[in-house]
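Engineer: Listed here are the chains, written in short residue letters.
2 protein chains.
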Amino acid sequence: MSLVRVHNFSISLDGYGTGEGQSLDQPFGHATDRLHGWFFRTRAFRRIHGLEGGETGVDDAMANAWGDGIGAEIMGRNKFGPQRGPWQDEDWRGWWGPNPPFHTPVFVLTHHPRPSLEMEGGTTFHFIDATPEKALRQARAAAGGRDVRIGGGPSTVRAFLAADLIDHLHVVVVPIVLGRGESLWAGLEGLDQRFDSEAVSSPSGVTHLTFTRRQD
Amino acid sequence: MSLVRVHNFSISLDGYGTGEGQSLDQPFGHATDRLHGWFFRTRAFRRIHGLEGGETGVDDAMANAWGDGIGAEIMGRNKFGPQRGPWQDEDWRGWWGPNPPFHTPVFVLTHHPRPSLEMEGGTTFHFIDATPEKALRQARAAAGGRDVRIGGGPSTVRAFLAADLIDHLHVVVVPIVLGRGESLWAGLEGLDQRFDSEAVSSPSGVTHLTFTRRQD
Chain A
1 MSLVRVHNFS
11 ISLDGYGTGE
21 GQSLDQPFGH
31 ATDRLHGWFF
41 RTRAFRRIHG
51 LEGGETGVDD
61 AMANAWGDGI
71 GAEIMGRNKF
81 GPQRGPWQDE
91 DWRGWWGPNP
101 PFHTPVFVLT
111 HHPRPSLEME
121 GGTTFHFIDA
131 TPEKALRQAR
141 AAAGGRDVRI
151 GGGPSTVRAF
161 LAADLIDHLH
171 VVVVPIVLGR
181 GESLWAGLEG
191 LDQRFDSEAV
201 SSPSGVTHLT
211 FTRRQD
Chain B
1 MSLVRVHNFS
11 ISLDGYGTGE
21 GQSLDQPFGH
31 ATDRLHGWFF
41 RTRAFRRIHG
51 LEGGETGVDD
61 AMANAWGDGI
71 GAEIMGRNKF
81 GPQRGPWQDE
91 DWRGWWGPNP
101 PFHTPVFVLT
111 HHPRPSLEME
121 GGTTFHFIDA
131 TPEKALRQAR
141 AAAGGRDVRI
151 GGGPSTVRAF
161 LAADLIDHLH
171 VVVVPIVLGR
181 GESLWAGLEG
191 LDQRFDSEAV
201 SSPSGVTHLT
211 FTRRQD
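So the sequences go chain by chain: A and B. Under this note's numbering, the first sequence has 197 at position 197, and the numbering climbs by one with no breaks. Under this note's numbering, the second sequence has 96 at position 96, and the numbering climbs by one with no breaks.
Just to be clear, a hint being listed does not mean it is correct.
From the structure, some residues in chain A lie toward chain B, with a derived Cβ separation under 8 Å [what the hints assert, rightly or not]:
(1) 20
(2) 24
(3) 48
(4) 51
(5) 119
(6) 120
(7) 180
(8) 199
Since the hints were derived computationally from the structure, they do not count as laboratory data. The beta carbon of each residue, even a glycine, is placed where N, CA and C say it ideally should be.
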């Protein structure tokens, strides 16, 4: 059975996966680049986005696991773009330019479906109004036996955790206090009891936590 | 100038420093021993409480910094005991038996002062109704030039952080999701900008974060 995985999901010490006030100029709201700075500096991030250079080390090694064996992604509509409610601008094709870094089918969860968008490089965005279970069924069918990545944002990852659909969760604790934003953990009391976990801190100051679903 | 220090302060992934429903039977509420299990297993903890054995390693080394150079402690009333409001039972002398592990003056913050309690081994509990600034002044005077430890619980540490009175903060992130309880971080947005931080994870699964006040 293919696995359902979350990678490189950064949170603050108070558990927020994104800041308040997301907009076109500030995709992460008042968190700006403080949650993901560790990731942007890695060689893995830069290669994913067609850039050279970047740092190596434990942050890079962890970041690099993002793509291996993935056949489809599911993301929330808030990750796809800053619009809320009915689409005002169907010309919006995501943050990532003509050749997005996914290179697989990507299922965007939205209450406002629109026609699929075929991009360069193998990425196709499908817009579906579905429960986590149904979305996962569609993504699995499209993934050709490979794993499915839940790409975020926080409320999407939380919904899949609440539905107990995640097999592998990689969370990165960044030593900042955001104070407000979207919590990853709200409503998930006792979540840890379903997983085995490991922690490794990095010289960059962040700590990588990996949660692997317990086999009963 | 003597420093103001916090040690071995355990929090969950969602930032809670203690659980809900604290009582005589459950001093940490529904968190039971999940927040402090890493500490109870160390040699440092066992020695502090007059016991032999215990584990060594990074958890023990971090735990052991608790007492060095400390001349007084300030704690919240909720750490001293489970009673709330006016004292119904003045026979209560804390959780720690006749010879508490502090061996210094201890200032207990309460809106209901009562006579000081002189215990065996050098610990004296003083009950004072004071702001963080005033309590710190009293504790410094009693500490004879040594450092002052802020002993918790979460609301007490938070009040001293909000007043910018902490020089050294050792927080231990435990990979559990408590869901409810007393948050360490509430109201402290941007706190990290006043400190330099380091992270080290332990094979036990917890991560030690140390925050050292920036020198301007």
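Engineer: Restraint: residue 180/A near chain B, CB-CB cut 8 Å. Satisfied or not?
Structural biologist: 7 Å, holds
Engineer: When the nearest CB of chain B is found for residue 120/A, is that gap smaller than 8 Å?
Structural biologist: Cβ of residue 120/A sits 39 Å from chain B, so the hint is violated.
Engineer: Mind checking the CB of residue 48/A against every CB in chain B and telling me if the closest is under 8 Å?
Structural biologist: Constraint on residue 48/A not satisfied, violated at 25 Å.
Engineer: Do the numbers back the hint for residue 51/A, that is, is its least Cβ distance to chain B under 8 Å?
Structural biologist: 27 Å, violated
Engineer: Holds or violated: the hint that residue 24/A contacts chain B, with Cβ atoms closer than 8 Å.
Structural biologist: 24 Å, violated
Engineer: Take the shortest C-beta to C-beta distance between residue 20/A and chain B; is it under 8 Å?
Structural biologist: 10 Å, violated
Engineer: At a threshold of 8 Å, is the proposed contact between residue 119/A and chain B supported by beta-carbon distances?
Structural biologist: 35 Å, violated
Engineer: Does residue 199/A hold up as a contact with chain B if the rule is Cβ-Cβ below 8 Å?
Structural biologist: Residue 199/A check passes; min Cβ-Cβ to chain B is 4 Å, inside 8 Å.
Hints 1, 2, 3, 4, 5, 6 from the list above are not met by this structure, while the remaining hints are.
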